[in-house]
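Colleague: All chains, full assembly: derive it from the sequences and hints.
These protein sequence lines map, in sequence, to chains A and B. In terms of the working numbering, the first sequence has 198 at position 75, counting the first letter as 1, and numbering is strictly consecutive. In terms of the working numbering, the second sequence has 201 at position 78, counting the first letter as 1, and numbering is strictly consecutive.
Just so you know, these hints were derived from the structure itself, not from any lab. Warning: the hint list may mix true and false statements.
Copies of the same chain look alike in the list, so a pair counts if it fits in one copy or across any two.
[Said to hold, decoys possible] Here are the computed lysine-lysine pairs in the DSS-like style, where the Cα-Cα straight-line distance is at most 30 Å: (1) 161 <-> 211; (2) 143 <-> 161; (3) 221 <-> 142; (4) 221 <-> 143; (5) 143 <-> 191; (6) 221 <-> 191; (7) 221 <-> 211; (8) 209 <-> 191; (9) 143 <-> 209; (10) 161 <-> 142; (11) 161 <-> 221; (12) 142 <-> 211; (13) 161 <-> 191.
Keep in mind it's a predicted model, so treat the numbers as computed, not measured.
Residues per chain, in single letters:
Number of protein chains: 2
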Amino acid sequence: MEEETTTSSIPENVVLIGKKPAMNYVLAVVTQFNNGAKSVKVRARGNAISRAVDVAEIARNRFVTDVKVNQIDISSEEIANEDGTKSKVSAIEIILAK
Amino acid sequence: MEEETTTSSIPENVVLIGKKPAMNYVLAVVTQFNNGAKSVKVRARGNAISRAVDVAEIARNRFVTDVKVNQIDISSEEIANEDGTKSKVSAIEIILAK
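Modeller: This is the structure:
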């Protein structure tokens, strides 16, 4: 509890990948590191997984070259469809760290 | 050099993910394990990366439940376009192992 309470509102340096162009998320990752983050989690589900890998690769190869891929986890998540049924969708979490 | 030379013709248990439905590749992975493979590499580039994660998740959760994700690597590869220019594309390698 030594830090400012404002830090608790930051979702632990997570960048959630959606349908926007990859560079939008690359900018988010780079900004987190420039703001002092020691690690950033890049998360995605379904078709966005490919974009998450692009984001991690572009960020570390072009912008924050002192950052390495620390860990990659894949998992399955259950999501509720609009008609009440459930589907399984794959997910990825790529942890970039200095 | 103790093994039969025929093993050298097997491309070290690699399943390359393309544009077919995920279950086609799941079958390939499961077949490799059933043929005695101790590990199988699932590789993909670009948009197929999402499918590679699906394949790994479906295979280990539904078909070969004694298999674990041993290692995941992401990288960037340069590919030549038809007009002679070059593009960078992300790639993934997921190693499943007993």
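Colleague: A separate judgement is required for each hint: does it hold in the structure or not?
Modeller: Comparing the hints with the structure gives:
1. Taking the shortest Cα distances, residue 161 and residue 211 sit within 30 Å of each other only across copies (27 Å), while inside one copy they are farther apart (32 Å).
2. Within a single copy, residue 143 and residue 161 get their C-alpha atoms as close as 25 Å, which meets the 30 Å cut-off; across copies the closest is 39 Å, which misses it.
3. When the C-alpha separation of residue 221 and residue 142 is checked against a cutoff of 30 Å, the pair qualifies only within one copy, where the shortest distance is 27 Å, while the shortest distance between copies is 35 Å.
4. Proximity of residue 221 to residue 143 under the C-alpha cut-off of 30 Å is restricted to the intra-copy arrangement: shortest distance 26 Å within a copy versus 38 Å between copies.
5. Taking identical chains as interchangeable, the C-alpha atoms of residue 143 and residue 191 lie at most 30 Å apart only when both belong to the same chain, with a minimum of 24 Å there against 32 Å between chains.
6. Taking the shortest Cα distances, residue 221 and residue 191 sit within 30 Å of each other both inside one copy (6 Å) and across copies (27 Å).
7. Taking identical chains as interchangeable, the C-alpha atoms of residue 221 and residue 211 lie at most 30 Å apart only when they sit on different chains, with a minimum of 24 Å there against 33 Å within one chain.
8. Only between protomers do residue 209 and residue 191 lie at most 30 Å apart by alpha-carbon distance; the minimum there is 25 Å, versus 36 Å within a single protomer.
9. In this assembly of identical chains, residue 143 and residue 209 lie within 30 Å of each other by CA distance both inside one copy and across copies; the values are 25 Å within and 24 Å between.
10. For a Cα distance limit of 30 Å, the shortest separation of residue 161 from residue 142 inside one copy, 26 Å, qualifies, whereas the shortest one across copies, 37 Å, does not.
11. Within a single copy, residue 161 and residue 221 get their C-alpha atoms as close as 6 Å, which meets the 30 Å cut-off; across copies the closest is 34 Å, which misses it.
12. Proximity of residue 142 to residue 211 under the C-alpha cut-off of 30 Å is found in both arrangements, the shortest distances being 19 Å within a copy and 20 Å between copies.
13. For a Cα distance limit of 30 Å, the shortest separation of residue 161 from residue 191 qualifies both inside one copy, at 11 Å, and across copies, at 29 Å.
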